[in-house]
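Q: Read off the chains here:
Number of protein chains: 4
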Amino acid sequence: MVAVKDADFSKVDAVFCCLPHGTTQEIIASLPSSLKVVDLSADFRLRDVKEYEEWYNRPHGAVGLQKEAIYGLTELHREAVATARLVANPGCYPTSVQLPLVPLLEAKLISTEGIIIDAKSGVSGAGRSAKESNLYTEISEGMNAYGIAKHRHVPEIEQELSAASSCAVKVSFTPHLIPMSRGMQSTIYVQILQGVSVDDLHEHLSKRFQDEEFVIVLPKGVIPHTRNVRGSNYCHLNVFEDRITGRAIIISVIDNLVKGASGQAVQNMNLMMNYDESTGLLQQPMFP
Amino acid sequence: MVAVKDADFSKVDAVFCCLPHGTTQEIIASLPSSLKVVDLSADFRLRDVKEYEEWYNRPHGAVGLQKEAIYGLTELHREAVATARLVANPGCYPTSVQLPLVPLLEAKLISTEGIIIDAKSGVSGAGRSAKESNLYTEISEGMNAYGIAKHRHVPEIEQELSAASSCAVKVSFTPHLIPMSRGMQSTIYVQILQGVSVDDLHEHLSKRFQDEEFVIVLPKGVIPHTRNVRGSNYCHLNVFEDRITGRAIIISVIDNLVKGASGQAVQNMNLMMNYDESTGLLQQPMFP
Amino acid sequence: MVAVKDADFSKVDAVFCCLPHGTTQEIIASLPSSLKVVDLSADFRLRDVKEYEEWYNRPHGAVGLQKEAIYGLTELHREAVATARLVANPGCYPTSVQLPLVPLLEAKLISTEGIIIDAKSGVSGAGRSAKESNLYTEISEGMNAYGIAKHRHVPEIEQELSAASSCAVKVSFTPHLIPMSRGMQSTIYVQILQGVSVDDLHEHLSKRFQDEEFVIVLPKGVIPHTRNVRGSNYCHLNVFEDRITGRAIIISVIDNLVKGASGQAVQNMNLMMNYDESTGLLQQPMFP
Amino acid sequence: MVAVKDADFSKVDAVFCCLPHGTTQEIIASLPSSLKVVDLSADFRLRDVKEYEEWYNRPHGAVGLQKEAIYGLTELHREAVATARLVANPGCYPTSVQLPLVPLLEAKLISTEGIIIDAKSGVSGAGRSAKESNLYTEISEGMNAYGIAKHRHVPEIEQELSAASSCAVKVSFTPHLIPMSRGMQSTIYVQILQGVSVDDLHEHLSKRFQDEEFVIVLPKGVIPHTRNVRGSNYCHLNVFEDRITGRAIIISVIDNLVKGASGQAVQNMNLMMNYDESTGLLQQPMFP
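Protein chains in written order, with full-length UniProt numbering: chain A, 1 to 288; chain B, 1 to 288; chain C, 1 to 288; chain D, 1 to 288.
Derived by calculation from the structure, the hints in this document are not laboratory data. There may be inaccurate statements among the hints.
Repeated chains share a single entry, so a pair holds when one copy, or any two copies, can fit it.
[To be verified] The calculated BS3-like cross-link candidates involving lysine-lysine, where the alpha carbons are at most 27 Å apart (straight line), are: (1) Lys220 <-> Lys131; (2) Lys220 <-> Lys207; (3) Lys36 <-> Lys150; (4) Lys131 <-> Lys50; (5) Lys150 <-> Lys50; (6) Lys36 <-> Lys11; (7) Lys36 <-> Lys131; (8) Lys67 <-> Lys50; (9) Lys220 <-> Lys150; (10) Lys50 <-> Lys36.
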């Protein structure tokens, strides 16, 4: 890689920044301000600098830039992304969670209280660094929860759900490590507001995403499977009636490496550069 | 296999009945009443015959015997099992759920309302029959929920939690199929009652199971992993503080084929026959 | 599927025939002779009708058509495929084996005697039918040989190697089932002819395939991995020096479902229809 | 771990030495000579010190002790092990290869020339160190050969096959990494000597191992599966007729962590200490 400081950006319109969390604030601050940037790290996702410093345990390195950063969950912030200079590409868990919850909270169909997110991820979510805990022999044929109640995607989720509902939302979020390379599922337990039915939730989400290329609300009763989005930029969603009256179960699946990371980054860049939004993203899911 | 009708039971003290759900009521009814029986099917688990007929969609074939059947979750019903003639061996999900919840409900430490169980199982839970949905190519590298809000283990769980709390408990129960052969985890979200702390829950469970061979409450903060009980009769448990005040997250892992099935059946038989309870069950977990 | 007998083929130029072995001879014989056909079954792969009947244990149902069938290993028979009316698409193992061996035998660089093929395949090679032997719980975390010395791909391999070397070649062929959905490797042990070196083999294969889109001879010393061709139409090849003087080890990897089946069928159809040969086949390998 | 230099061995009869290759020569040399030792590293496996230094690329640190070391493939060297002071526990591949080949070479039933060993191993064979190449995402759903013609188990195999046949044997040995945690298979291609049949090989091996607890020659035609020895100290063997006249295919499976490592070490220690040879080793294979 060419060192950033020596790079000639004079003929470059836009860059992806795929560097580790905690390193991109300084780097992006040093780039020409004419350059459009999609940052795949967590460095610009949290609008509140104090919250950033608390969860990431380090000072923020580009406080001035933070205000400019647009949170790039494409389907929820398309207009802002299209004109953005700097996009903070969302985390994988937050993408899978916000796609169903933000529209339901905005429409005041579900309660802001008692939202429980039981999330499951393939191992590539942990990156490619050589740690004992990610060895084949540790992962294969077993599973476990991790980061219970303190995963760094929590403040990102709460920031966006709070914005959608105009009140401070706190969620229960428990991620699990599943023996598969790719794939992510969020199983979300919510309380429906008085007078609202599960069918209403399904109808609302269906309408909200009816013109979207990459977010598919499945027909009633059809259960999303991670294998049906593997290797693709799709999110599959559905809503189910719970046994406990007044509760619903929402299931959302994505490929954590595509819609949950690089695919959504490309989607954002397409918007920022005024390309067709699906350019380079029409690779179909691979099964088996 | 010797046909049951032709078998000579004169020199037999006890039998395991490992036949499909829906076939053991008639068979066990035809056995000599002196014979001790552990039934691994679901045929005698539900005390309410009507509920059985509703969930299993068939008439009960041995209503008289049903009253005699003892629900065999060993650690919770040891005395009754020891003197039982007929034991209904519990389902795998119900075993993993009841071990932490029954003591907490009995002690009135958690609410009977809003209990949410997000359960995950390896593929052997679906048995060995040749179905497309259980092929390697369908299961590997993907996951999905199934039987949402209508899995047949729900009435079994609700029956026992209701008995423990002396009121009608309804639970949210969502099982998931995980790409592994063995292993089961229940992630359980509960509301703590006023004045009770997560430490209180941990202490209560630790005391309740301190003399048990097979139920291990892990030290505070240690996350149970299914791989640590693989191939063994152990259940590993722990309780965690949630972000939302007043809520706790309970994690319980077992090997669905051992403590969740045949291991617990052997444990019950050992009790019924007055053998040492751990006879034949000391195989250690296999890792990797 | 529209029944073949009722189908209107008047506006169709070509068809893929993806039906089970033993059913396509009659069907293809009943099609209009103007229609171009790529048959993915084994029905037309063996030129010798008697050999077909012996290995497949049934009479040949379209002896007349057999003469017309072109064996469609694209890189080895491109001209014949381009003008063919009926193409017999090769088996997966034979594809991985012939790509390196046919050029070396044609150039008389290796011995026709003592060729040993130790082959490994992912489970999708066994199809999607619901058999106990293909269940996740049977396959995961274990492996085994099968069809030792009597796999039906043997006569197909020997037919083509014999044609390439103008003498009757017999091979040792042992396939193994590996716990993975896709991917195939043939590890091939050969004797080099007098005066020939392993470098000569590498150079010959490199030249032979230098203009090919889908067959890549790796640089000296680089070991092919099935994961590097997963989901793609590529074949990766290399040749290695053995410890025993005068012997070489050839490794060839493909995705059994793409270059080993449907991908090669598309490649053949592209040629027959005068489309660009790589149309629809440029999907890149998926990793992880 | 207590540092070796400070340890009090006065009440110890025997030790296992489970330290990395290249570290045990010095350590064992420093132990009291009354202590019985089973060394699981490769440090004492090669009788020829020069060969050790060439393959392991370091000077031998205990040349004097080397002469004393007994190569501990239990079934083949039981008497020497029983009276040994220092046992060099064999490698996993060499164990799977020698169990069938040594008796056949000793009985002069197969040729010493052209022995081809295509070996497959689960990932635990690579140990538990945190290397990128052993991550779940690198290993799952793919396979590859490695160490072609230069794996360090080659000199160990050749040393023992040469001793068994009283002539210098060279083998072709190609190991492969398979996506499974445990399990090892050697598929071995041999030439049968004139006048000998495959049935003779099967009969000879069956007789040779008929009284062995842990080496099972399967009935004719039954293919060994690694899953049938998983977690156990068993080796399953069989011999098959090849298509090429005069050749046979031998398949040998073990669990690389048990019979291929610690299980065989315990078996050797049992012999050295005059315990029952199967003490601690009767854990049955785990399936699934």
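Q: Evaluate each hint against the coordinates.
A: Going down the list of hints, with the structure as the test:
Proximity of Lys220 to Lys131 under the C-alpha cut-off of 27 Å is restricted to the inter-copy arrangement: shortest distance 24 Å between copies versus 42 Å within a copy. For the homomeric pair Lys220 and Lys207, the shortest alpha-carbon distance inside one copy (14 Å) is at most 27 Å, but the shortest distance between copies (46 Å) is not. Taking CA atoms no more than 27 Å apart as the test, Lys36 paired with Lys150 passes in neither setting, with 32 Å inside one copy and 50 Å between copies. Taking the shortest Cα distances, Lys131 and Lys50 never come within 27 Å of each other, neither inside one copy (30 Å) nor across copies (36 Å).
In this homomeric assembly, Lys150 and Lys50 come within 27 Å of each other (Cα to Cα) only inside a single copy, at 17 Å, whereas the closest approach across copies is 45 Å. Proximity of Lys36 and Lys11 under a CA criterion of 27 Å is satisfied intra-copy only: 12 Å inside one chain copy versus 50 Å between copies. Proximity of Lys36 to Lys131 under the C-alpha cut-off of 27 Å is found in neither arrangement, the shortest distances being 34 Å within a copy and 36 Å between copies. Within a single copy, Lys67 and Lys50 get their C-alpha atoms as close as 13 Å, which meets the 27 Å cut-off; across copies the closest is 63 Å, which misses it.
In this assembly of identical chains, Lys220 and Lys150 lie within 27 Å of each other by CA distance solely across copies; the values are 15 Å between and 34 Å within a copy. Taking the closest pair of Cα atoms, Lys50 and Lys36 come within 27 Å of each other only inside a single copy of the chain (26 Å); across copies the shortest separation is 62 Å, beyond that limit.
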